[in-house]
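Taking my numbering, the leading residue of the sequence shown gets 1, the next gets one more, and so forth.
A hint or two may mislead.
Pairs of lysine to aspartate or glutamate residues, derived as EDC-like cross-links and limited to a Cα-Cα distance of at most 16 angstroms, are as follows [to be verified]:
{"hint": "1", "residue 1": "Lys80", "residue 2": "Glu69"}
{"hint": "2", "residue 1": "Lys84", "residue 2": "Glu69"}
{"hint": "3", "residue 1": "Lys44", "residue 2": "Glu69"}
Pair by pair, the computed Cβ-Cβ distance ranges are [stated by the list, open to error]:
{"hint": "4", "residue 1": "Phe65", "residue 2": "Ile132", "range": "16 to 24 angstroms"}
{"hint": "5", "residue 1": "Ile29", "residue 2": "Ala122", "range": "16 to 24 angstroms"}
{"hint": "6", "residue 1": "Tyr86", "residue 2": "Ala32", "range": "35 to 43 angstroms"}
{"hint": "7", "residue 1": "Lys130", "residue 2": "Val109", "range": "26 to 34 angstroms"}
{"hint": "8", "residue 1": "Ala78", "residue 2": "Ile116", "range": "22 to 30 angstroms"}
{"hint": "9", "residue 1": "Gly41", "residue 2": "Ser72", "range": "27 to 35 angstroms"}
{"hint": "10", "residue 1": "Tyr123", "residue 2": "Ala32", "range": "22 to 30 angstroms"}
{"hint": "11", "residue 1": "Val68", "residue 2": "Ile127", "range": "35 to 43 angstroms"}
{"hint": "12", "residue 1": "Phe105", "residue 2": "Phe37", "range": "17 to 25 angstroms"}
{"hint": "13", "residue 1": "Glu40", "residue 2": "Leu97", "range": "16 to 24 angstroms"}
Don't read these hints as lab results, they were simulated from the structure. Note that the structure is a prediction, hence the values are computed from the model and not measured. Glycine residues also receive a C-beta, built at the ideal position from the N, C-alpha and C atoms.
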Amino acid sequence: MKKFLNSMNPMLLDLSTGCIIYGIVGEIIIVAVGLSFYQEGLWKIILGFLIGTAAAVALTVHMYFGVVESLSLGETGALKHTRKMYILRIAGILVILVLIYFTGFCDAVAFAAGLISLKVAAYLQPITHKYIVSKII
């Protein structure tokens with residue numbers, strides 16, 4: 001496992017770790033607060049937050065590989081590829097939101113809160129790198 005983590009890009013590992021930490025802390029808060037107020041629909045909120053956090057990790061990985069591939073292209077090719085990858089990520093999130101809206105299998109607000117883990121992970125990246133990731137690898 002340590003060999004696999006050493007082969008990963010440190011920034012990708014930092015952002016993924018930040019998303020996962022946000023997801024764990026968020027789920028603990030949702031369960032702690034939700035048991036007091038939302039006994040009925042709590043599983044939908046938990047599932048929505050979990051799917052949002054997983055989508056944020058998937059977006060992080062997709063962005064990383066999109067940037068790596070863009071670096072090997074020329075200037076115009078890189079610009080086109082970056083735009084194409086951006087549209088693909090946005091379309092994927094919109095498809096998930098439409099599925100959530102029409103099926104109602106989870107909470108859309110909790111999904112959005114889980115999706116924000118990517119932003120939180122970006123702000124926490126120096127901290128996660130210094131105190132967590134650098135200790136692992």
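Now for the hints, and whether the structure bears them out:
1. This hinted pair checks out: Lys80 and Glu69 have alpha carbons roughly 12 angstroms apart, not beyond 16 angstroms.
2. A distance of roughly 12 angstroms separates the Cα atoms of Lys84 and Glu69; the hinted pair therefore holds under the 16 angstroms criterion.
3. Taken as a hint, the Lys44 and Glu69 pair is broken in the structure, with Cα atoms around 37 angstroms apart against an allowance of 16 angstroms.
4. A hinted range of 16 to 24 angstroms holds for the C-beta pair Phe65 and Ile132, which are about 23 angstroms apart.
5. Checking the proposed 16 to 24 angstroms range against Ile29 and Ala122 shows it holds: the Cβ atoms sit about 20 angstroms from each other.
6. Against the hinted window of 35 to 43 angstroms, the Cβ-Cβ separation of Tyr86 and Ala32 comes to about 36 angstroms, which satisfies the hint.
7. Here the CB-CB span from Lys130 to Val109 is close to 32 angstroms, well matched to the stated 26 to 34 angstroms.
8. Range check, Ala78 to Ile116: Cβ separation about 28 angstroms, and the 22 to 30 angstroms hint holds.
9. At about 47 angstroms, the CB distance of Gly41 to Ser72 disagrees with the hint of 27 to 35 angstroms.
10. Separation of Tyr123 from Ala32 is about 23 angstroms and conforms to the stated range, judged on CB atoms against 22 to 30 angstroms.
11. The beta-carbon spacing between Val68 and Ile127, approximately 25 angstroms, falls outside the hinted interval of 35 to 43 angstroms.
12. In this structure, Phe105 and Phe37 meet the distance hint of 17 to 25 angstroms, their C-beta atoms being roughly 21 angstroms apart.
13. The hint said 16 to 24 angstroms for the Cβ distance between Glu40 and Leu97, and at roughly 23 angstroms that hint holds.
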